[in-house]
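Engineer: Each chain, letter by letter, is given below.
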Amino acid sequence: MLKIDIQIEQQMHLLILKGEIDASNSVDLDSAIQSIFAQDCSVILVDGRELDYISSAGLGVFMSYLDDFQEKGIQIFIFGLAPKVLQVFEILGLDKLISIRPNKEDAMALVG
Amino acid sequence: MSQSLKLYCDTGQLTLLRQFLEDFLMTTSMDELERHQVLLSVEEVTANLIIHSHACNSSEFIQVNANLEDDLLKIEIHDQGAGFNILDYEEPEIDQLITTKRKGGLGIMLVRKFMDKIEFETNGRKNTCRLFKLVNSK
Amino acid sequence: MIKLPKIHTGKLSLISAVLIWLALLFVDITRIFGELNQLGSGISPEYSYALEILFFITVYIFYDYTINSNKNTEFLELIWRGASTGLLALTVSLIIRGLYFLLGDGKLAMDPLLRNFFYHVNFALITIFLISTLILWRRLILYQKTKRIVQQWQAFEVILLMSMFFVFLNNNSLDYSFLFGMVFMFIFSISLSVNLKWIPYLTFKEKWKSILFFLIILICTIYLFTQLLSYSDTELVFVNLTDNLFLIALFGFIFIYSLFSLLVTLFNLPTSSVFEQKLTEAINFQRLSQSIKPGQSENQVLDILIDSCMSASYADAGWIEVIDDNLGLQIVHRRNIKETERAKIQTHVESTSPFNAFKWDNPKNEFELYQGRISQGGFLSALMLPLVTNNQTFGRIFLLKEVKEGFNKEMLNIISTFVGQACISVENHRLLNEAIQNERYKEELQIAQRVQRSLLPEKLHHDEYFEICGFSEAADEVGGDYYETQQLKEHEFAVIIGDVSGKGTSAAFNMSQMKGVFQSLVQLHPSPRDFMIKANKALSFCLERQLFITTTYLIINTLKKTIKFSRAGHCPTLYYDAKLKRWDYLSIDGMGLGIIRTDLYEDFVHEKTINFNPQDLMVLYTDGLVEASNEHREEFGYERLKKLVDKHHNKQPEEIQKLIIEGVFEFIGKNQRLDDDYSLMVIKFL
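If you're matching them up, the sequences are chains D, E and R in order.
1 is the number of the first residue of the first sequence in the UniProt record's numbering; add one for each residue after it.
1 is the number of the first residue of the second sequence in the UniProt record's numbering; add one for each residue after it.
1 is the number of the first residue of the third sequence in the UniProt record's numbering; add one for each residue after it.
Any given hint might turn out to be false.
As the list claims (entries may be wrong) - Taking beta-carbon pairs under 7 Å as the criterion, some of the chain D residues facing chain E (in silico):
id, residue
1, S24
2, S55
3, E90
Said to hold, decoys possible - Here are a few chain E residues that sit away from chain D, every Cβ distance over 10 Å (derived from the structure):
id, residue
4, Y8
5, G12
6, N65
None of these hints come from the bench; they were simulated from the model.
Computed from a prediction, not measured in an experiment: that's the story for all the values here.
Even for Gly, the Cβ is constructed at its ideal location relative to N, Cα and C.
Could you build the full structure based on these sequences and the hints that come with them?
Structural biologist: Following this line, the structure appears as structure tokens:
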């Protein structure tokens, strides 16, 4: 079960992911990002506090937009990942490509 | 200890798989991180099979066996068909994946990194992928 | 230096003898002339004696030389020479006597000078006869000489020489010393005359001839002796040359030896045929033993055998029957009997006791001998002996006689000996042939060994991600084990190990076929499973029906860090997983190549891919290694191999390989040898 919620806070898009992302629902994540893309946006904060699971299908979605984010000067941060989910990002080296922070405050501090 | 699960080739069944594995792994001495590693690896292999080997044809099925013997966890994933040998793919570099936008490579990377040993066996019709992980008894 | 002319002993002694005789004649005639004319004797008889002795010696030298110069003279010829010389002396003596008879009482007949001349002629001839015969007899006496006889003869010659000088002591008067000397020498002669070993070697006919010659010699001796005695009675001769102890002793010796020879030859006549028979047997025996020379066939040996046995037993008919590997029972030699009759008699013999007790497969046939009564085709007794080599009866010899109880103990003995010898010859002949064959095989095997060594790789392909070493040892000169590597791509390597069923030359031959299959298929870069399917198909065409090959084929990819392999009935590879710290035998399903020769085979080949990590270790081997057994028939086995490698898995591949081989040999014990080929490959990942 995956629940995606998008909120706008101080010109930042907050992408709240709840539940599990796998091959069956990674398209939902993709369309969510797509919709953010369609709006004028400079910062995306991904709230992963309630993300229980993300498989390569979900990770792939993020990966596929990395180039586009860079091109359009969009900053992306992820925060609040549980250790078990964090290790997945780490083992793949995704933490080098996307800034990952323990909480919302730390992530906000990076926004410049 | 051994348990098995039959899955129809539908990505919707992956939740079922995760539930099955979570239940099984809870009985072991693995910690949360390790359990997650196994869960993710098995799911990656299975998802690959469902999507690439069976084109999400839900009339076909996959059999998953989980087994723990001493300190060795063994997960077997059986299917019939063309087979998908994840060992046939080189472990990709992450930068490569971004530029080529290849999605499949990440899963293989995860399996290789999280599991201690991977085996793939085929006789041309039946295929078995075996994933091994050493359970550190604490 | 003065070059001495080559002295011709024969001619020189002859001329000296003639000259001395003439001198003797001259001295005596001068003396008689002086006496007759009352001139007073100016010449003492000692001169004559001295010349006489010189004459004896020169004649001796002459005959010693002429008779001994021809060593190979037959006995009969020797005797004939004695007899002919005797006849000559006799004839001359008779002519002289006849001459005087014709002259009657005429003046010439009374002339002392003429008488003296004839006396000297007679003296010379008697001397020649006696001395030449002495030397002839010496040859006979010294035939098959022993040291004792030679010494005895030499003593006799010394005594004879001494007796020549006796004349100076007694002036040829018949006194006691003369008689004593004479008797002594007669006794000596008798003791010498028992040496008659030459007689048995004369054939029956020769014996009759020699009897005749001895008779002539005896007559001559007697006549000449009486003649000599008559001279000593006459008053006409002034110096008596013939009443000499030397001459008298010679007469005695010649007479005694001739008489003995005559009598012994006469008594030997009836047994002569037996001796001849024994001699023939001995020669036959020799021929049988010599017939093992290479080049002579068994048939020739058997040919000599049947002839020898026939003549040894006076058999009337006989034949030899042998087992030929291709033709079965064959009659190889048949004597004095027609085939139809032979067949009839053999049937009869085989149904008669004791011959019906014969069995071809009796292991004790070598010492068996069958003889008994028969009555068929005029034959009344039969003898049958099995021919055995190496405990196997390869034939039989049959001998038939037309009389009852025709084979006596002596015949059986000699025939058994002949058969034994012939069998040894045949066996030797066969062994020799075998040895020659073996030598040829050995040479061929050496070539095969060289060829096969060249089939095994000297260098094994690898890169910086793994180390590899291999070893193979054949139980025979050549073996059926095979291993090899091939680089497929920059980071991809093919490794194969295989074992052809059976061992030795045929296995080695099929192994080279396997190599060919590997080398050609590897070019196509097939997956291990495809490799097995294609190899199975290829080998189905060229491998003999009952043969198969077990093999393991691996592809190592050092980039993907994977090993992909298939197993065709081969021993499962021993694998050490350093990460899991586990030993495992990589057992997957797979049937040996050549067992199923249809497309069904595909169902039986599995393929497995595994990932490897540094420090992983892989041991590939053939069944000769795990099935090596010790004296308790216990196999080395998989568990022992695993434990052994576990102890050493940190070491280098070469070292591990060496320790495995040592471990296996330690297990089977020093006195055992491996009865199958075994091979070993150790791969360690880095």
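Engineer: Test the statement that Y8 of chain E is away from the interface with chain D: the closest C-beta pair must be farther apart than 10 Å.
Structural biologist: holds (13 Å)
Engineer: The output says G12 of chain E does not contact chain D. Does that hold with a beta carbon cutoff of 10 Å?
Structural biologist: violated (5 Å)
Engineer: Holds or violated: the hint that S24 of chain D contacts chain E, with Cβ atoms closer than 7 Å.
Structural biologist: Holds, because the Cβ-Cβ distance from S24 of chain D to chain E comes to roughly 4 Å (cut-off 7 Å).
Engineer: Could you check if E90 of chain D really has its C-beta closer than 7 Å to a C-beta on chain E?
Structural biologist: With a closest approach of 10 Å, the E90 of chain D hint is violated.
Engineer: Can we trust that N65 of chain E is non-interface, i.e. its beta-carbon lies farther than 10 Å from all of chain D?
Structural biologist: holds (21 Å)
Engineer: Does S55 of chain D hold up as a contact with chain E if the rule is Cβ-Cβ below 7 Å?
Structural biologist: Status holds, d = 6 Å.
Violated hints for the displayed structure, listed by number in ascending order: 3 and 5.
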